[in-house]
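Q: Line by line, the protein sequences are chains V and S.
First residue of the first sequence? That's 1 in the working numbering, and the numbers climb one at a time after it.
First residue of the second sequence? That's 1 in the working numbering, and the numbers climb one at a time after it.
Among the clues, some could well be false.
Derived pair list, reagent style BS3-like, types lysine-lysine, alpha-carbon separation capped at 25 Å [stated by the list, open to error]:
hint, chain 1, residue 1, chain 2, residue 2
1, V, K30, S, K126
2, S, K30, V, K30
3, S, K143, S, K232
4, S, K143, V, K119
5, S, K30, V, K143
6, S, K143, V, K126
7, S, K126, V, K126
8, S, K119, V, K30
9, S, K119, V, K143
Selected chain S positions facing chain V (in silico; Cβ < 7 Å) [unchecked claim]:
hint, residue
10, A32
11, L34
12, I154
13, I155
14, P159
15, S163
16, S164
17, V166
18, T169
19, Y173
20, W175
21, D177
22, L182
23, E184
24, E186
For the record, the hints were derived by calculation from the structure and aren't laboratory data.
Idealized CB from N, CA, C, for every residue including glycine.
Protein chains: 2
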Amino acid sequence: MAAAEQLNQNHAIDWSQGAAWVDGAIVPAKEAKLSVFDWGFTRSDVTYDVVHVWKGRFFRLDDHLDRFLRSVDGLRMELPVDRDGLAQILHDCVARSGLQDSYVAMVLTRGQPDPAWPKRLPSNFKGRNNLICYAIPFVWIMKPEIQETGARMIIAEAPRIASSSVDPTIKNYHWGDFTNALFEVEDTDADYAVLMGPDGFVAESPGSNIFAVLDGVVTSPNHGALEGITRKAVHDLCELMGQPDAQRDITRDELLDADEIFMASTAGGIMPIRQINERILSNGAPGPISRVIHAEYWKKHDEGWHATPVNYGA
Amino acid sequence: MAAAEQLNQNHAIDWSQGAAWVDGAIVPAKEAKLSVFDWGFTRSDVTYDVVHVWKGRFFRLDDHLDRFLRSVDGLRMELPVDRDGLAQILHDCVARSGLQDSYVAMVLTRGQPDPAWPKRLPSNFKGRNNLICYAIPFVWIMKPEIQETGARMIIAEAPRIASSSVDPTIKNYHWGDFTNALFEVEDTDADYAVLMGPDGFVAESPGSNIFAVLDGVVTSPNHGALEGITRKAVHDLCELMGQPDAQRDITRDELLDADEIFMASTAGGIMPIRQINERILSNGAPGPISRVIHAEYWKKHDEGWHATPVNYGA
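Please model the entire structure based on the sequences and the hints provided.
A: Here it is, written out as structure tokens:
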């Protein structure tokens with residue numbers, strides 16, 4: 001039955017949910033799997049990056065490749081392909097999927113161990129690191145219609161995992177603290193959460209960087225969070241627009257007292273917040289600076305800012 | 001080709017590496033896979049437990065089932081089967097594998113999200129949590145021949161993830177801090193590492209609880225670590241043998257000054273340490289109390305202590 005099913009699938013391949021590169025071949029995304037023995041699963045010993053494609057063009061592809069290669073080095077892993085080969089795989093995934101707006105992931109796991117090894121150490125895995133890439137329909141952490149109205153956020157009680165234990169600048173899947181924060185979101189009927197670092201400063205939201213407009217300055221934390229590419233884009237846009245911006249420590253009180261708050265992520269772009277804990281921001285709507293940055297972010301996409309056209313003919 | 005390969009595999013199934021229960025069916029362990037979109041991977045949103053089978057009998061199966069069910073509750077997940085159904089699956093996996101000595105895992109992931117959901121919250125996954133079980137050949141974190149001689153351990157600089165961020169009593173795959181400690185092991189040519197908690201007390205080793213013999217008392221940390229079943233077995237054995245034991249905070253200095261040190265884990269049992277950082281313990285061999293507990297642990301296995309015979313006829 002499994003064989004017949006397999007055969008059937010080969011005759012009517014469905015690429016609507018995207019395409020994935022796994023074990024050296026491109027398959028429909030829904031068939032992309034990983035061994036349950038891969039340390040990428042059993043030890044979350046994995047790093048990844050996500051670049052998006054908008055209207056057929058990658059956004060800041062080089063920035064994402066740079067960061068991913070740094071993460072791979074940081075975990076002492078090695079890609080089975082070089083930088084150009086990796087870019088080619090990403091192009092191929094998007095091309096095969098046919099998607100014009102896509103969430104494009106590159107994932108490198110430690111790989112599968114050999115039970116015969118006398119020691120169970122990461123260095124044993126030389127040549128076994130496991131690359132998985134995929135292009136799926138664009139992911140919105142916050143749906144566009146909610147971006148119009150803004151969302152409600154809580155400051156989670158759960159503290160962010162300390163940077164000394166797991167480096168947040170090496171993009172990782174250690175979401176246990178984020179998951180705890182999402183439980184708090186569920187319990188308070190909020191929409192999103194932001195976590196404080198163990199040092200008492202604002203860290204990040206699950207999957208997003210956080211921005212606060214403080215005395216007119218667009219401010220993001222300068223440590224304890226992923227060095228987001230969308231965050232970088234926001235700071236670049238501020239420079240271009242002559243909008244004052246800064247990266248510095250943000251206290252809990254400053255966040256609660258901010259003029260405006262928004263999140264930034266590849267998966268959704270600029271995401272305005274209209275309430276933080278009990279406090280209503282900007283009369284319960286996205287603030288003026290958030291609106292301008294949101295608009296500018298997407299306008300720049302249309303203008304081809306930091307864009308790399310997908311090679312759909314590949 | 002994929003279909004032909006599949007067919008071929010069905011005709012000559014190899015159970016030598018174990019059997020796994022995935023998506024409701026038992027398959028050879030090496031075929032056990034998980035979608036790369038399962039939050040169990042992309043968010044390490046997963047809990048698990050491991051019980052072992054020795055000479056055809058589960059060891060402390062009820063303790064492991066109890067702990068796993070607590071972990072599942074702690075992550076607000078639900079098993080697709082009840083406790084008896086779960087035990088049956090574990091028996092079935094071991095029976096199908098034919099293994100007499102086995103590492104038997106039960107794993108529950110959050111599952112695969114639906115991109116159409118307006119919010120991306122754990123509660124959306126009701127009915128989608130994904131159970132995976134498997135029985136593979138017994139895993140030795142420390143090979144038996146090394147258990148005879150003892151191993152060398154370092155105290156890692158990398159601190160354990162704080163319990164306030166990720167609860168270590170809910171057994172999890174958040175190994176980023178452990179992986180950093182293993183890099184230190186590689187860099188110093190040691191064998192194993194132990195991590196300090198962020199509160200400055202001894203926490204645990206990657207995959208193992210730690211014990212120090214302090215002034216003749218077999219001591220394990222009382223917080224900041226997994227509540228190990230092998231750890232429990234050690235304390236039970238101490239009671240039975242009239243050996244003084246305790247669970248309390250252990251400082252770095254106490255550990256460095258311990259009479260003896262050993263690790264305890266389902267995957268390997270009692271694992272003696274003969275060196276901690278630069279200090280040689282017990283003249284560079286397992287200490288006398290470690291040896292007695294090691295011997296008693298396996299003797300009790302032969303006597304059927306806390307044993308549940310595997311139903312191989314299932």
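Q: Against chain V, with CB atoms and a cut of 7 Å, does the hint on S/V166 hold up?
A: holds (4 Å)
Q: If you draw a straight line from the CA of S/K30 to the CA of V/K30, is it 25 Å or shorter?
A: It holds: about 20 Å lies between the C-alpha atoms, which stays within 25 Å.
Q: Does V/K119 lie within 25 Å of S/K143 when you go C-alpha to C-alpha?
A: holds (9 Å)
Q: Measure nothing beyond the straight line between the CA atoms of S/K143 and V/K126; if it is 25 Å or shorter, mark the hint as holding.
A: holds (22 Å)
Q: Min Cβ distance, S/E184 to chain V: is it shorter than 7 Å?
A: Given a least distance of 11 Å, the restraint on S/E184 is violated.
Q: Would you check the hint for S/K119 and V/K143, treating anything up to 25 Å between C-alpha atoms as holding?
A: Cα-Cα ~9 Å, so holds.
Q: Checking one constraint from the list: CA of S/K30 to CA of V/K143, max 25 Å. Satisfied?
A: violated (39 Å)
Q: Double-check S/S164 for me: the hint is only fine if its C-beta lies closer than 7 Å to a C-beta in chain V.
A: Holds. Min distance 5 Å.
Q: Please check whether S/D177 passes as an interface residue: C-beta within 7 Å of a C-beta belonging to chain V.
A: holds (4 Å)
Q: Take the shortest C-beta to C-beta distance between S/I155 and chain V; is it under 7 Å?
A: violated (15 Å)
Q: Under 7 Å is the threshold here; is the Cβ of S/L182 close enough to any Cβ of chain V for the hint to stand?
A: Hint on S/L182: holds, closest Cβ of chain V at ~6 Å, below 7 Å.
Q: When the nearest CB of chain V is found for S/E186, is that gap smaller than 7 Å?
A: holds (5 Å)
Checked against the numbered hints given earlier, this structure breaks hints 5, 7, 12, 13, 15, 18 and 23; the rest are met.
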